[in-house]
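Q: Chain by chain, the residues run as shown.
There are 2 protein chains.
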Amino acid sequence: MYAIAVHGGAGKWRSESESATLDGVRYAAEAGQGILKQGGSALDAVVAVVAALEDNPLFNAGTGSALNVDGDAEMDAGVMVGQGLLTGNVACLQRVKNPILVARKVMEEAGHVLLAGDGALRFARGWGFEDFDPVTPRRFEDYQKKRRELLEDAGSGLPYLRRLLLCQADEQAKGTVGCVARDVHGGLAAATSTGGVTLKLAGRIGDSPVPGAGNYATKHAAASATGQGELMMRFLTTKSICDLVAAGYSAQKSVDEILARMAAEVGTDAGMIAVDTHGNIGIAHMTQDMPHAYANASQSSIVTAMRVSSH
Amino acid sequence: MYAIAVHGGAGKWRSESESATLDGVRYAAEAGQGILKQGGSALDAVVAVVAALEDNPLFNAGTGSALNVDGDAEMDAGVMVGQGLLTGNVACLQRVKNPILVARKVMEEAGHVLLAGDGALRFARGWGFEDFDPVTPRRFEDYQKKRRELLEDAGSGLPYLRRLLLCQADEQAKGTVGCVARDVHGGLAAATSTGGVTLKLAGRIGDSPVPGAGNYATKHAAASATGQGELMMRFLTTKSICDLVAAGYSAQKSVDEILARMAAEVGTDAGMIAVDTHGNIGIAHMTQDMPHAYANASQSSIVTAMRVSSH
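So the sequences go chain by chain: A and B. Read the first sequence against this note's numbering and you will find it ends at 397, with the numbers running on by one and no gaps. Read the second sequence against this note's numbering and you will find it ends at 397, with the numbers running on by one and no gaps.
Just chain A, same shape as in the assembly (with noise of 0.2 Å):
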């Protein structure tokens, strides 16, 4: 017994990309599911997943990661496995083509849990991934754009960092991408990537890399969340979620219950998913949108959606 849910980033999509990123997550999905059905471990499936949409343009991972201030696509990933807490994470990496196979081998070979910046990039050309530019061309032009909307508010008399803060919160992160799994051998696993949010400063990092914050797995469940990725590293929103479910809450009832309390305590620029041991699994946003995908026993063949239909 199988179960996997995808995650394509919360936030406000625009309706006429609805299709084709539903489509994403699907395909994604049936990466994932396809492993799982043969066997494969959970680990693989996340990783899988992740990588199908950090390849993905539409999303902003990989492929069409959104820009810094400075113009450059720093990348966040990280992959957790729920037996024995291991995990691998790589934060402001510049130019390779999937962030998340570079921090499974940071899991697997480091002996760090974060790499980060120049040291991160040294240690994924040594293991050979190779140069890649993952800068589309929407995305400069949006970093143009906003850029110029940044320079030209000048007049409104507010300092250069506030305008950018402002700039930032108008963004949100939309397009973090994330995969939670429960394999055929109770194996359970966690993988989420993201470029961040247009016009970050140049070395901010943001929950997909910090375990407990944007994912995490434990022997109990694994969850991976998106939004603002500060309310993620402040509230320690899926150490939180694996906690309820260990507790002995539902997959759907412990990211509902998270969701609340970090309204109440942090804000409500957020979403989750999270599968549990017995493939239960969960969905949660507050944002307008977070296009998704799961499948399970109880539901084999793919559900996609923009958003949680109670929402």
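Think of the hints as simulated: they come from the structure by calculation, not from any bench. All clues stand as given, with none of them false.
It does not matter which identical chain is used: a pair holds within one copy or between any two.
Below, a list of computed lysine-lysine pairs in the DSS-like style, where the Cα atoms sit at most 30 Å apart:
hint, residue 1, residue 2
1, K123, K191
2, K123, K339
3, K191, K232
4, K231, K191
5, K305, K339
Dock chain B against chain A, hints included.
A: For chain B alone, coordinates are given in the frame of chain A:
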């Protein structure tokens, strides 16, 4: 009613440096106690304490930080305020005198929670933090010796990365510094700073600048951890301590319980301090030593020790 606890890092300290080490934590704790006695905030106190320890070359933070595999001091630091879950953190930050002051500036001004590497350095310079070389002759000799051992061990036939990991494991992360405080207004805060582990890979981020791992504060408790950072990042040590306090455990019972759970699930190279809203303090470690100092309502003159006496 205030309370303050300070640690100078879990590990095994040389006996000849014991009195200087205890003087160091006492002097730093006094600086914090002075602020708290005058009605200052827990935030001001923990930052002052950690800055004092960063300036003391005996400890592995700020001046005297351990050097990475390239011979560079890449420093990590984090600060967090319980009320509102506000936090600022820097990672892989080079050439500043006090990383904890930059972390505080990130909390107050960046709009982000964690900045790393060159981006963090640019942020620091933009806010007036001047160029400073934190490398001490003692740390540089230490680095050269370990680097030589690493290279000479080539005859063992082990691959380079395996030898590097063995060197790091020998080292322990001794000398990380941290402070937790409760001010007379009921505010809680935690601050932690480190140079990490000698011969770490460039770009490696440890637990100190990761909220919930090496440093965390809520409205219920504040906690700081030390030891092999990767263990805290996988387990979410300080978040877990704060959760236990919220569930009704005393500060001491919380750190004892989390240390026991960590030993069962991830490993024993860890130590931690915590304070709760009532000003109760918890101190625990599995390593041989963890120099520490504390003072509170029931013990207003500062107590220092190299290890918890029941240890």
